[in-house]
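Protein chains in written order, with my numbering: chain A, 12 to 510; chain B, 873 to 1409.
Take the hints with a grain of salt, since some may be wrong.
Have a look at the derived ranges for each label pair, beta carbon to beta carbon [to be verified]:
| no. | chain 1 | residue 1 | chain 2 | residue 2 | range |
| --- | --- | --- | --- | --- | --- |
| 1 | B | Y1071 | A | A185 | 55 to 61 angstroms |
| 2 | A | R500 | B | A889 | 30 to 36 angstroms |
| 3 | A | V42 | B | Y942 | 56 to 62 angstroms |
| 4 | B | I887 | A | A70 | 36 to 42 angstroms |
None of these hints come from the bench; they were simulated from the model. Beta carbons: idealized from backbone N, C-alpha and C, even for Gly.
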Amino acid sequence: MTNLITLRDLLVISPMIALLFMSLIPVLMKVFSDNKEPKPFVTVVYALLGVILAVGLTASLAGMKQTAFSESLVFDGMAVWGSLIVLFSGAFALMLAFDHVETDAKQFSEQCFLMLGSMIGMLIVILSNDLIVTFLGIEMMSLCLYILVAMSREEILSKEASFKYFVLGSFASAIFLYGIALLYGTVGGTSLPVVAAKTGELLANHNQLFYIGMAMVILGFAFKVSVFPFHAWTPDVYQGASTPITAFMATAVKTATFIAILRLFQHADPSGPSAFLAEPKFLTVLSWLAVLTMMVGNAAAVIQNNFKRILAYSSISHSGYLLIGVITAGFAPRIESSLAASTVVLFYLFSYSLMTIGAFALVAILEKQVGHALTVDDLKGLSTRSPVLAGSLTLILFSLAGVPPTVGFFAKFSLFGSAIEQDLYWLAFWGVLSSVIAVYYYLRPVVAMYMSESTERIELQDGFLTRMALVLTAVATIVFGLASSPVLRFVSESVLNRL
Amino acid sequence: MLSLIVFLPLLAALIVAVLPKDSWVRPTAFVLAALQFLFSLALLAQYDPSTPALQLTEYRPWIEELGISYFLGIDGISLWLVLLTTFLLPVVIGGSWTAIDKRSKLFHASLFVLQTAMLGSFVAMDLVLFYVFFELSLVPMYFIVGIWGGARRIYATMKFFIYTMLGSLLMLLAIIYLMFTAQEVLPSHQMTANILELYKLDIPFIAGQFLNPQTLLFFAFSAAFAIKVPMFPVHTWLPDAHVEAPTPGSVVLAGVMLKMGSYGFLRFVIPLFPEAAEHYAWVFLFLGVVGILYGALVAMVQPDIKKLVAYSSVSHMGYVMMGLFALNTYGVTGSIYQMLNHGVSTGALFLLVGMIYERTHSREIDKYGGLAKVMPIYTILFFIVTLSSIAVPMTNGFIGEFLILLGSFQASKFFGIWAVVGVVLGAVYMLWMFKRVFFGEAGELVKDEHHPLRDLGKREIAVMAPLIVLIFWMGLLPNHFLKYSKVSIEHLVETKDAYQLAALDAEGRTVVFETPAKPILKPLDSVTTRVAGVEAK
Chain A
12 MTNLITLRDL LVISPMIALL FMSLIPVLMK VFSDNKEPKP FVTVVYALLG VILAVGLTAS
72 LAGMKQTAFS ESLVFDGMAV WGSLIVLFSG AFALMLAFDH VETDAKQFSE QCFLMLGSMI
132 GMLIVILSND LIVTFLGIEM MSLCLYILVA MSREEILSKE ASFKYFVLGS FASAIFLYGI
192 ALLYGTVGGT SLPVVAAKTG ELLANHNQLF YIGMAMVILG FAFKVSVFPF HAWTPDVYQG
252 ASTPITAFMA TAVKTATFIA ILRLFQHADP SGPSAFLAEP KFLTVLSWLA VLTMMVGNAA
312 AVIQNNFKRI LAYSSISHSG YLLIGVITAG FAPRIESSLA ASTVVLFYLF SYSLMTIGAF
372 ALVAILEKQV GHALTVDDLK GLSTRSPVLA GSLTLILFSL AGVPPTVGFF AKFSLFGSAI
432 EQDLYWLAFW GVLSSVIAVY YYLRPVVAMY MSESTERIEL QDGFLTRMAL VLTAVATIVF
492 GLASSPVLRF VSESVLNRL
Chain B
873 MLSLIVFLPL LAALIVAVLP KDSWVRPTAF VLAALQFLFS LALLAQYDPS TPALQLTEYR
933 PWIEELGISY FLGIDGISLW LVLLTTFLLP VVIGGSWTAI DKRSKLFHAS LFVLQTAMLG
993 SFVAMDLVLF YVFFELSLVP MYFIVGIWGG ARRIYATMKF FIYTMLGSLL MLLAIIYLMF
1053 TAQEVLPSHQ MTANILELYK LDIPFIAGQF LNPQTLLFFA FSAAFAIKVP MFPVHTWLPD
1113 AHVEAPTPGS VVLAGVMLKM GSYGFLRFVI PLFPEAAEHY AWVFLFLGVV GILYGALVAM
1173 VQPDIKKLVA YSSVSHMGYV MMGLFALNTY GVTGSIYQML NHGVSTGALF LLVGMIYERT
1233 HSREIDKYGG LAKVMPIYTI LFFIVTLSSI AVPMTNGFIG EFLILLGSFQ ASKFFGIWAV
1293 VGVVLGAVYM LWMFKRVFFG EAGELVKDEH HPLRDLGKRE IAVMAPLIVL IFWMGLLPNH
1353 FLKYSKVSIE HLVETKDAYQ LAALDAEGRT VVFETPAKPI LKPLDSVTTR VAGVEAK
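Bound conformation, chain B alone (with noise of 0.2 angstroms):
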C-alpha cells in the first residue's frame, strides 16, 4: 500500500513523460494527481488512530552489508503531511494550467518525481532510505526552479541545492556513526539503519558540555532540517528560492518541501536524542521566536508581494519549531497542525499571487490598488486566505497558532509573550498588504486600459475552492484531524526519553525485525571505547 503510494507518482512521471503530444500532458497529469489523491485517502480507512504503532510497515532488506534496508510505515505524525503531499499536486498541476509554456512534459514529470521523493521522506522509517529520498527531493525542485523561473532563477537554484546539500552531509556523517553504534552496542551486532532499532540505543549526554556523542549527532541532524525548515538564521535561501520559483514550485515548496525539516525534528531528532533536545530546547524556542518576529518584520517592509508571503513563510515556520520545542503534547499538537495549515494557507496565497502574476506580470505592491472594485471573488478568496494567514479564529490558522502558544506558555512564558507579539505583527504585515493592494486609488496596474484586468475564471475558482472548503473545515472541526494524530503525539511526548515504536504491518500483526543473514563485514570483537558509556535500554 505505501509503496504503491511512493512510487505511483514515478509510474506517473514516466507516463507523461512520453505522451506523444504536448495537449496532452496537462489533462493526463492532472488525472493522474487526481487519481493518486483519492487513492491516497484509503489510507484514512486502514489507518487504526487507537495505537501509537507504526502501520502498513513493509520491510525488506535492501543492502544487507551496512544493514540499510527497505522499511516503510506510517503513524499519526506523518500520516496528514502524507495527505497533504497528494492533495497539493493536483492543486498544483490546475493552478499551473497557463503559467507553464514551455516544456511541460519535463515539467510535470519533475513534479511527479518531486511527488515520490517527498512521500518517500515521510513514509521511510530507515534513515539511509530517509535520507536518499530527502535527497533526491532535492533535484527535481533545482530543475523546477532553475528551468521556469524568473530572471535570477539559476543563482536562486544554486543557492538552494547547495544549502541544503550542505546541511544534509553533516547529517548524514551522524547516520553513519550512529549505524555503526548501533552495530557496537545493540544485542544484534548488526549495522543498522532501521529508526526503531535505533531508538533503543541510549546515547550518552552529558549537560552543559559541547564534545559529546549526543550533542554533537544533535546537532548535526538539526543542522539538515532547520536548513530545510528553514530557521534563522540559515532561512536566507528561501525568500530567493520563492521569488525566484514559478508559481507551483513555490507552492510545493513551501506546502510540503519545508515540512520536511520539521517532520524530520519530530521524527528523528527529539526520540533519538531526547536529552539534548530537552537541554537545548531553548536554543530552539530563541531562534524559533527570532524567527517570528524577525520574519514578520522583514515581511512588512517588502514591496514584493511573492517576496512578503516568502518571509511570512518564516515567520510561520519559526511557530511551527516553537511547537516542537515547547516539547509538550500542546505544542507538538499544534505543531502539527500548523505544518499543515501553512501548507494550505501559504500554498493558496502562492497561487493566488501566481494568478495576478500571470495577468499583469507584475508583482510590486506599489502597482496595484483598487483592485477589489475590479477583481471581487479574487479579492474574497485573497480575504479568506488572509485571515487564514494572520490565523483569526474559525479559519485553521487560529486553532494551530493557539495550540502552539499554549504549548510555549507551558514550557516558557517569556517566550510564549515574544510569540504573542509576533502574531500582532503577522496581522499589521497582511492586513497592510491586503489594504495596499486591494483598496484605495487605483493603482497603475489596475487602471491600464490597454490591459484590463479580467476576474478569476472558472478553472482558478475550481483551483482555489477545495482549499477554501479546507482552511474552514479545519478551523471549524479540528477533531476531525488531530483524532488521527492525538495517540501518536502523546506517546511521543510522554515517553520520549525512552521512545520505542512497534510496526505493525498491514494485517495488523506485530512486526519482528530478524537479523539479516550472516555478517559479511565481521563485528568488532570488543567495544571500543569510543561508545563505551553507550548501552542499549
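Extracted from the complex, chain A is given alone in its bound form (with noise of 0.2 angstroms):
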C-alpha cells in the first residue's frame, strides 16, 4: 500500500473539489472588498455553477468502478445515484435560497458556501468505504448544517433549533465514534469490506461487543435519518431552520445517510446470507424501529397545524418507509437480490427528494406573504388565487401519498415488492397501514385549497426561480410516474454494475 495519492484518486472526488473550487470564490470576494457583501445574484450563479461542474463530473464518471485513497472511498453506480440526488436537491435548495435573500442578505455568500460544504461532506458520506471516513463526512455535513440553522436571522426559533440539534447531534455523533471503536476492537479494522468479512464469524459467538458496536453505529445513523425514538429533534429544527435549508436537510442529509446505511448493511459476504440481519435480533429490532417511525410520523402529522411541522412528520415516516427498503437489502440472502432492493431505495429517495423539495418551495413562496409560520389554514382559497401553485401543491401532495399515476406510488409500489419478494409480508403490511393513515393529512391541505373559501386576501409575490422549483417538480411527479420504466433501469444497471 502506496500512500502517494494519484491522479485516479483526484478523479474520484473531483465533483467535491469542484464544489469547494466555486464555494471559495463568492466568500474570497467578499473578504477581498472590505467585506462587502457581493451581489447575492452573483453567489449563487457560482454555487450554482459548482453544483452543475460537480453533477457533469459525477455523471462522465459514471460506468466507472473504482477505489481511491487506499480503498476508504469507492465510486460506484451508487455513488453515482446518491451524488446525483444530492446535487439536485442541493440546487433546487440554492434556488429557493436566492428568493429567500432579503432574509439572509448579509451574509448569503457564507450561506452558500456553507450548502456547498455540506454538499462536500454528503459526496463524502456516499463515498466513503471505511467508517471512519463516514464519521468524518458525516461530521463535515453536520457542522455546516448546525451554523446553517442558525444563520436564518428570523426569529429565537432558529437559534433554539440550531442548539437542539447541535447538542444532540454532537451526542450522536459520540455515540457514532464509540461505536466505531467498539467495532475496531472486535474486528481488527473499521473498512467496510472487512467488518462484512468478519460479521458472519463473530454473530456465531455471539460476541456482546460486536453487537454493542453495531448498535451504536446504527443509532448514530438512526439520529441523522431521524428514525424512531431519534426522531424528536426533527420537527422543530425542520421548523426553526428556514425553509430553504428545511428543504435541503429533509432530503439531502437523509439520500446520504440512507446510502451510507445501505454499503454498511449491504456489503455482505457475496456467497453467504447476508450478515447484519441474518441474525433476528437485528432483524427484529430494525423492523419494529421501522413501523414505529412509519406510525409515529404518521400519527403525529395528523394533529399539526403548522405545515412545515406537517412536513417534517412526514418526513420521518418516510425515514421508515426507506428503513424497510434497507432492511430488505440487508436481509436479502442473494447479493443480485440485495443490490436490487438497493435499487428500490435509490428510487424512493429520488421521488422523495422531488416530492419534498416541491413542498417547500411552497411553503418558501407563502411563507413570505403571510409573515408568519405557514399553517395549514393560510392555504385556505389558494386554488382561487393561484391555480399553478395549488395544482401544482395538489399533485405533489397526491405523490407523497401514493396515489397513482404518480412517481410516489411506483416508489412505494417498488419498496412493498422488494419487501414482498424477500418475504418480509408483516413490513409491508404496515407500510400500507401507515400510508392509509397519512392519505388523511396530506388531503388537509388539498381541502383547505380547493374545498374551504380564503377569509384573507394575500398578495402573492413573486420568486421566479421558487415558482420554478415547485412546478418543476410537480410536473416531474407526473413524468417520471409514468415513465418510471427508464429511470429504474438507468439505476439497476449502474448499481448491479457494483458486481
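Hints in hand, dock the two standalone chains.
Written out as C-alpha cells, the structure reads:
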C-alpha cells in the first residue's frame, strides 16, 4: 500500500474539488472587498455553477468502478446516483435560498459556502468505504448544517433549533464514534469490507462487544435520518430553520445517510446470507423501528396545523418506509436481490427528494406573504388565487400520499414489492397501513386549497426560481411516474454494475 | 380503438379547461360527451359476441423491469359497463346544467378525468394498470364531492377517500405477491401483471384453513372490491358520500363507480381464486342478503329522499353480490344485468331528486306531499323509475332481479328465500316514500305561495327521456343486451376452475405475448419454499 495520491484518486473526488473551489469564490470576493457582500445573484450563479460542474463530473465518471485513497472511498453506481440526488436537491435548495435572500441577505455568500461545504460532506458519506471516513463526512455535513440552521436571522426559534440540533447531534456523533471504536476492537479494522468479512464469525460467536458496537453505529445513523426514537429533534429543527435549509436537510442529508446505511448493511459476503440482518435480533429490532417510525411520524402529523411541522413528520414517516427498503437490502440472501432492493431505495430517495423539495418550495413562497409560520388554514382558497401553485402542490401531495400514477406511487410500489419478494410481509403490511393514515394529513391542505373559501386576500409576490422549482418538481412527479421504467432501468443497471 | 375511448375524455378535459369563457363550458362539455358516447357505440359493431376471448386488445410493455404492461381488452363482461359509462356522462352533464353554479370548468374537467379513470379500469387487463385507473378514479370524485357538495362535504369526501384507499392498498400487496409468484412459477420466469398470464397460476388452497395463499389473496382482493361495491358492513361511507355529493356526483358514483367493485369480483376475484371463491361463497351470499334486508329496512325510515335512495343502493348492490356468488349462469347474468339496471334506475332517481332539490332546496320527505297535482310530468317520470327500481315486470329491474333470484335459489334455497323477502321490502320503502311525497295533503313546500313549483322543463324531460326509454327497452327486450355477454358469462361459469382467456387484436388475430427483453432483475435460481405448492397449469 502506497501513500501516494494518484491522479485516479483525484478524479474520484473531482466533484468535491469543484464544489469546494466554486464555493470559495464568493466568500473570497467578500473578504477582498472589505467585507462587502457581493450581489446575491453573482453568489448564487457561482454556487450553481459549482453544483453543475459537480453533476457533470459525476455523470461523466459514471460507469466507472473505482476505489480511491487506499480503498477508503469507492465510486460505483450507487455513489453516482446518490451524488446526483444530493446535488440536485442542493441545486433546488440554492434556488429557493436565492428567493429567500432578503432574510439572509447580509450573509448570503457564507450561506452558499456552507451549503456547498455540507454537500461535500454528503458526497464523502456517499462514497465512503470506511467507517472513519463516513464519520468525517457526517461531521463535515452536520457542522455546516448547525450553522446554517442558526443563520436564519428570523427569530429565536432558529437559534433554539440550532442549539438543540447541535447538542443532540454531538451526542449522536459521539455514540457513533464509540461504536466505531468497539467495532475496531472486535473486527480489527474500520474498512467496510473488513467488517463484513468478519461479521458472520463474530455473530456466530455471539460477540457482545460487536453487538453493542454495531448497535451504536446504527444509532448514529438513525439520529441523522430521524428514525424513531431518535426523531424528536426533527420537527423543531425543521420549523426553526429557514425553509430552503429545511428542504436541503430533509432531502440531501437523508439521501446521503441512507446510502451510508445501505453500504453498511449490504457489504455482505456475496456467497453466504447477508451478515447483520441474518441475525434475527437485528432484524426484529430494525423492523420494529421501521414500523414505529412510520406510525409515529404519520400519527403525529395528523394533529399538526403548522405546514412545516406536517412536512417534518411526513419526512419522519418516509424514513420509516426507506428503512423497510434498507432492511430488505440487508436481509436479502443473495447479492443480486440485495442490489435490486438498493435500487428501490435509491428510486424512493429520488422520488421523495423530488416531492419534498416541491412542497417546501410552496412553503417558501407563501411564508413570505403570510408573515408568520405557514399553517394549513393559510392555504384556504389558494386554488382561486393561484391555480398553478395550488395544482402543483396538489400533485405533489397526492404523490406523497402514493396515489397513482405519480412517482410516489411507483416508488412505494417497488418498495413494498421488494419487501414482499423477501417474504417480509409484515413490514409491507404495516407500510400499507400507515400509508392510509398518511392520506388524511396529505389531503388536508388539498381540502383547504380547494374546498374552503379564503378568509383574507394575500397578494402573491413573485419568486421566479422558487416557483420554477415547484412547478418543475410537480411536473416531474407525473412524468417520472408514467415513465418510471427508464429511470428504474438506469439505476438498476448502474447499481448492478457493482458486481 | 380502446385507447381512444379511454383517453378521449382526457382530451375533452383539457379542452374544457382552456376554454376562454365560462358560458361555453357546459355546451362544449355536453357535445364532447355526446360525441364520445356515439363513438363508443362503434364498439358494438366491432365486437364479436360469438367468442369469449378478449377483443380489440392493445398490448405494449410499460415498465418492463416489473413486467407491467399497457394492456387493454374488452369482453362480454366489460362491454356494457363501458357503454354505460359513456352513456351516463352526457346525461349527467345535461342534468347538472343549472345545479353546478361555481367553477364549472374545474367541475367538467373533473368529470372527464373521472370518465377516463372509470373506462380505464373496465378495459385494463394488466393488474397494475387496473390499479392505477382504479385509484385514479378516487381523485376527481374526491374533488367533486369536496368542492360542490353539501354542508358536511369534507367529512364525507375524506371518509370516502380513506375508506376506499384502505381496501385498495391491501389489494396492492396481493397484486405484488401475485406478480412475484408468477415470476417463480410461470415458464417464462418473468414478473408479470398481465391478467391472462396470472389466470394460469394455480394458487394452493386448503379448505378450512385461513392462512393459506389463496384464501389470503382472495380476501385481500375482496376487501378492496367489497368496500367499493359497497357491501354490508363496509358500506358506511356510501350514504355520507351520496347525501353530500352534488347530483351529478351521486349519479356517477351510484351509476358507474360502484360497478367497479362488482366488476372487480367478476374479472379478478372469481377467476383468479376459484376454490376460495367457491368455498367462501356463503360469506358473500350471507353478507349480500344482510345488505339487501338491512339496506331496505334502513331506507324505510330515512327522512331524507336522497339518503333513502342511497340506502336503496346498498340493498340493490346486495343483489348484485348474491348473483355473483351464486356462481352459476343465471346468477352471474342477472348480476351483470342488475349492474346496468342499477346504473340506469338509481342514476335516474338521483337526477329526479336533484331536480326537486334545485326547486325547493330541501329533501325532507315530510315537507312534501301532494306533489302529483302540482308537477304531473315529474310524478309520472318518478313513478316509472320507482317501478323500475322495485323490479316490476316489463321494466329492466325485473329481469335482473328475477335472474339473480333464480341463480340464488339454485345455489342455496335458504338465502334465496330471504332475498325474496328483500324484494317485498324494496317495494314497501319505495312505494311508501312515493305515497308520502306525491299524494295526500299538500306539504309545506308544495303549498308555499311565494315559491310556486314549476313542472319539469324541456331540458329536464330531454335528460330523463333516454333513461326512461332504456328502462322499458331493457325490460322488454333483454336479449338485445344479454346476447353480447352470454358467451363470456358461460365461459366464466363453466371453466372458472381453470379459467383462460385468449386475446384477439383489432383485426381478430390471436395475440401471443412475447416475453419482454432481457430481465434486469435476475430471476431467482430456485423456487423458494413460499410457493413450493404453486404450479402453472
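Evaluated hints:
no.	hint	in the structure
1	B:Y1071 / A:A185: 55 to 61 angstroms	holds, 59 angstroms
2	A:R500 / B:A889: 30 to 36 angstroms	holds, 33 angstroms
3	A:V42 / B:Y942: 56 to 62 angstroms	holds, 59 angstroms
4	B:I887 / A:A70: 36 to 42 angstroms	holds, 40 angstroms
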